[in-house]
Amino acid sequence: MLWAIVEAIYDRLTSSDPFPGWSFVSGITAGGLIAVALEWFGRWRKTVNSDDALRKLDARKLNEHLKLFGSFTNTLGAAIIGAAFIVPYIGNHASPDQVSGWGVGAGALLPLTGQIMLRFMRSES
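Residue numbers (the numbering used here): 139 to 263.
Please note that the accuracy of each hint is not assured.
To be verified - Cβ pair distances, simulated, as ranges: (1) F223 with D190: 44 to 54 Å; (2) K199 with S164: 21 to 31 Å; (3) M259 with I172: 33 to 43 Å; (4) D190 with I143: 39 to 49 Å; (5) I228 with A197: 43 to 53 Å; (6) M259 with G169: 15 to 25 Å.
Just so you know, the hints here were simulated from the structure itself, not pulled from any lab data.
We treat Cβ as the ideally placed atom computed from N, Cα and C, and that holds for glycine.
With the hints as constraints, model all of the structure from the sequences given.
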């Protein structure tokens, strides 16, 4: 099961598209932006008439969501980088120059998006 997922990601990143992996990275980015927008507008609506305890609860909820998103993007980035290096060697005993640059780039960008999202954490005090 896990190997099938890794192969599907690798096939998508090494397809014959002019920019392979772009739809994958843009999908992850769009999903993150939509989640932030939903959280932002949901929080904005609630904080109009909230007290201090509700503000702390909102901050704690937002912080947990951001930490989970950061962990997800770090793990997914590591998996994509691993797939970009490992799958060519196992599949057809490729040389190091056949490693997918798009896979390495997408794997490096995902943890960066997680780090950027962590900057939106709020103080709980």
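Status of each hint after checking the structure:
{"no.": "1", "hint": "F223 with D190: 44 to 54 Å", "result": "holds, 50 Å"}
{"no.": "2", "hint": "K199 with S164: 21 to 31 Å", "result": "holds, 27 Å"}
{"no.": "3", "hint": "M259 with I172: 33 to 43 Å", "result": "violated, 19 Å"}
{"no.": "4", "hint": "D190 with I143: 39 to 49 Å", "result": "holds, 45 Å"}
{"no.": "5", "hint": "I228 with A197: 43 to 53 Å", "result": "holds, 45 Å"}
{"no.": "6", "hint": "M259 with G169: 15 to 25 Å", "result": "holds, 19 Å"}
In the structure shown, a violation is registered for the earlier hint numbered 3 alone.
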